[in-house]
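Protein chains: 2
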Amino acid sequence: MVYACAPPTLRRDQGTGGVALTLKEIVERARKDTVVPISERDVERTLSALLASEDIWRVIDLSQVPVMALVRVLSALKGAGLLDWDGGRLVLTPAGREFTESLGIGPRLELKCPHCGGRGTTLGPVGEIAGRFREIAADRPEAIQDYDQGYVTEETTLHRVAFMWSRGDLYGKDLIVLGDDDLVSIAAALTRAPRKVVVLEIDQRLVDFIRDVAEKERLPIEVKQHDLREPLSPDLKGHFDTFFCDPTESLRGFKVFAERGIAALRGPGSAGYLGLTHCEASYAKWREIQRFFLDAGTVIAELRDAFHDYVNWPYIDHMRSWPHLPVHRIPGHEEIWYRSALVRIEVVEGPHIEERRYEGDIFADEEAATT
Amino acid sequence: MVYACAPPTLRRDQGTGGVALTLKEIVERARKDTVVPISERDVERTLSALLASEDIWRVIDLSQVPVMALVRVLSALKGAGLLDWDGGRLVLTPAGREFTESLGIGPRLELKCPHCGGRGTTLGPVGEIAGRFREIAADRPEAIQDYDQGYVTEETTLHRVAFMWSRGDLYGKDLIVLGDDDLVSIAAALTRAPRKVVVLEIDQRLVDFIRDVAEKERLPIEVKQHDLREPLSPDLKGHFDTFFCDPTESLRGFKVFAERGIAALRGPGSAGYLGLTHCEASYAKWREIQRFFLDAGTVIAELRDAFHDYVNWPYIDHMRSWPHLPVHRIPGHEEIWYRSALVRIEVVEGPHIEERRYEGDIFADEEAATT
Numbered sequence: 000m001v002y003a004c005a006p007p008t009l010r011r012d013q014g015t016g017g018v019a020l021t022l023k024e025i026v027e028r029a030r031k032d033t034v035v036p037i038s039e040r041d042v043e044r045t046l047s048a049l050l051a052s053e054d055i056w057r058v059i060d061l062s063q064v065p066v067m068a069l070v071r072v073l074s075a076l077k078g079a080g081l082l083d084w085d086g087g088r089l090v091l092t093p094a095g096r097e098f099t100e101s102l103g104i105g106p107r108l109e110l111k112c113p114h115c116g117g118r119g120t121t122l123g124p125v126g127e128i129a130g131r132f133r134e135i136a137a138d139r140p141e142a143i144q145d146y147d148q149g150y151v152t153e154e155t156t157l158h159r160v161a162f163m164w165s166r167g168d169l170y171g172k173d174l175i176v177l178g179d180d181d182l183v184s185i186a187a188a189l190t191r192a193p194r195k196v197v198v199l200e201i202d203q204r205l206v207d208f209i210r211d212v213a214e215k216e217r218l219p220i221e222v223k224q225h226d227l228r229e230p231l232s233p234d235l236k237g238h239f240d241t242f243f244c245d246p247t248e249s250l251r252g253f254k255v256f257a258e259r260g261i262a263a264l265r266g267p268g269s270a271g272y273l274g275l276t277h278c279e280a281s282y283a284k285w286r287e288i289q290r291f292f293l294d295a296g297t298v299i300a301e302l303r304d305a306f307h308d309y310v311n312w313p314y315i316d317h318m319r320s321w322p323h324l325p326v327h328r329i330p331g332h333e334e335i336w337y338r339s340a341l342v343r344i345e346v347v348e349g350p351h352i353e354e355r356r357y358e359g360d361i362f363a364d365e366e367a368a369t370t
Numbered sequence: 000m001v002y003a004c005a006p007p008t009l010r011r012d013q014g015t016g017g018v019a020l021t022l023k024e025i026v027e028r029a030r031k032d033t034v035v036p037i038s039e040r041d042v043e044r045t046l047s048a049l050l051a052s053e054d055i056w057r058v059i060d061l062s063q064v065p066v067m068a069l070v071r072v073l074s075a076l077k078g079a080g081l082l083d084w085d086g087g088r089l090v091l092t093p094a095g096r097e098f099t100e101s102l103g104i105g106p107r108l109e110l111k112c113p114h115c116g117g118r119g120t121t122l123g124p125v126g127e128i129a130g131r132f133r134e135i136a137a138d139r140p141e142a143i144q145d146y147d148q149g150y151v152t153e154e155t156t157l158h159r160v161a162f163m164w165s166r167g168d169l170y171g172k173d174l175i176v177l178g179d180d181d182l183v184s185i186a187a188a189l190t191r192a193p194r195k196v197v198v199l200e201i202d203q204r205l206v207d208f209i210r211d212v213a214e215k216e217r218l219p220i221e222v223k224q225h226d227l228r229e230p231l232s233p234d235l236k237g238h239f240d241t242f243f244c245d246p247t248e249s250l251r252g253f254k255v256f257a258e259r260g261i262a263a264l265r266g267p268g269s270a271g272y273l274g275l276t277h278c279e280a281s282y283a284k285w286r287e288i289q290r291f292f293l294d295a296g297t298v299i300a301e302l303r304d305a306f307h308d309y310v311n312w313p314y315i316d317h318m319r320s321w322p323h324l325p326v327h328r329i330p331g332h333e334e335i336w337y338r339s340a341l342v343r344i345e346v347v348e349g350p351h352i353e354e355r356r357y358e359g360d361i362f363a364d365e366e367a368a369t370t
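These protein sequence lines are chains A and B, in that order. Okay, so the first sequence: first residue is 0 according to numbering that gives the first Met the number 0, each after it adds one. Okay, so the second sequence: first residue is 0 according to numbering that gives the first Met the number 0, each after it adds one.
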């Protein structure tokens, strides 16, 4: 135990006086032997989450720290005698509680509106197709690791479609969906609001499923099997008002999806929607992505964090971060811990996109947690 | 009347066939003799708003088009025989309705959660001080035009404080508020969550008011009279975890506020909150502002549009856009039409800010509507 009592006015950058341990030292320990970016605020967020829950999945969710960084912070806290998890719960030791308090850190509060789950949306006319969409989705293909799949709850897909409608990006518009394990194309087309929906999907199971549904329900959906590492065909490029995609989150992979989406847009006034997590992306990565958006001629028109809730995927105990987790409990199917922000971008000029062909793995980078 | 019937499959970029008028032509008419940026999507948003309401204030709100651009679009639509407002209501003519339909434009739907007003937040512990805050705010100084004032509803201020708390930017933190006609400092300090609150305010009436309240309620608020065109004093620079400001929206003015706020922050992990409207800022301006944020070393962590509702200010019939409005009805005190997004930025590196001294008017640019 290296921690001693600190006055309540301790600043997080002061390591002198009665204190044997600082936030900075925890960060240094956590950073040892890893290239994952870890900040002092990551440690602060972790401690705040630990004050609110002792469950590993809730702590991941509440902390909003990338999982591969979080596991390092948790280890550093344990190594310093501030945290314990021998009983399967993440419990701050008395020294850990004192340390946290001395830094003026309080328990994380979510303060999400309970009616909309913090999204801010109501379904409106999308509510009319909710029942049918849920029936259809009940028979969906299960998520597989090969393509970094993992789909959102049906509630999420419906709210996403409502959001697009409310922003004027659905009714009367041509929509392209790049990768559709969330079945956005089906929910969108069931509303009969869009003029046309095109899906690019690599997974033959999903191609078949969406095609079958479209035929049975007479929906204006066209599905093409396509590997997004390949550029769009000329008949797709510049032909859409709106794109939706939920990219893989390596920086390279994210850009592949976003590039294809933006290249599909007609021009100024066209809009794109993307998902972006904390679980697999630090704010440093977010910033890189945002610079890419601006350089492409788009503006960030909305960014609603934790809009998307994901159902747990069957390969959870095979994901990259699993062996690093301090506690190995498989969460329930709809025990939500993986969420992503909804980002809406709109083209202001251009778009300025140079479409490239990519090769090899687009899923991995040092922050990747689920592939 | 220059419009003739169009097939329902008309694309917005096609002006041939049976159609005598296109979206592009409306934009060209609207752009005549003005430097305000106006896009085809602005016209589309205007038409969509006109399908949903005939009231000028609702149309401003629903369209999300800068007011000084909107008034030009409305005039262009009237000039083309598509819109009429002789009776004090904005009524699409039969030709206007046909034109709108031919473009596949539907009525604007807001789809805001009715419980949280679309913000996504619940007050949580902030609810406990709501009553006291409303009592205090009842005696606030009225908004004046000299400093481009115009305050948000008390509900908005409370939700804003809850949002800051939920993001870990309030509890145990040092907060600086740059310009505080919204009384954020009082609501924040009443919760007893922040460690310290500093207010920089130019208006002597507000300085006195906040000081008096702080004394009576024994709140940890320090108020300094300060003109934000002047750089921060060294005892403020780099000393805060969180800043809040609701900038004036000329690009220059916005940057003045944001520069001071960012300069007040400690470093990586510190956060800033700003308001940003559509009424006075095009997406082109939003994009400039976002580039400024990224260059300053920050990331955009949240952007929730229409989070802030503003109470109407007494000088509404003296604001810059008033003579340009097609209908001159003074809206009720809490008949909300002016809203702004809540933007949260977080420092990733730096911050990189070169503080400058500004002179002269910081309120005016071509999109300014209220000064």
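Treat the hints as calculated values from the structure; they're not laboratory data. Please note that the accuracy of each hint is not assured.
[Unchecked claim] Pair ranges (Cβ atoms, derived):
hint: 1; chain 1: B; residue 1: E348; chain 2: A; residue 2: P219; range: 45 to 53 Å
hint: 2; chain 1: B; residue 1: G130; chain 2: A; residue 2: E109; range: 53 to 61 Å
hint: 3; chain 1: B; residue 1: R204; chain 2: A; residue 2: T33; range: 48 to 56 Å
Values in this document were obtained by computation on a predicted structure and should not be read as measured data. In this text, a Cβ means the ideal position worked out from N, Cα and C, and glycines have one as well.
Structure-based check of all given hints:
Distance hint for B:E348 and A:P219: a CB-CB separation of about 47 Å, consistent with the stated range 45 to 53 Å. Taken as a hint, the range 53 to 61 Å is violated for the pair B:G130 and A:E109, whose Cβ atoms sit roughly 23 Å apart. For the pair B:R204 and A:T33, the supplied restraint of 48 to 56 Å holds, since their beta-carbon distance comes to about 54 Å.
Checked against the numbered hints listed earlier, the structure breaks hint 2 alone; every other hint is satisfied.
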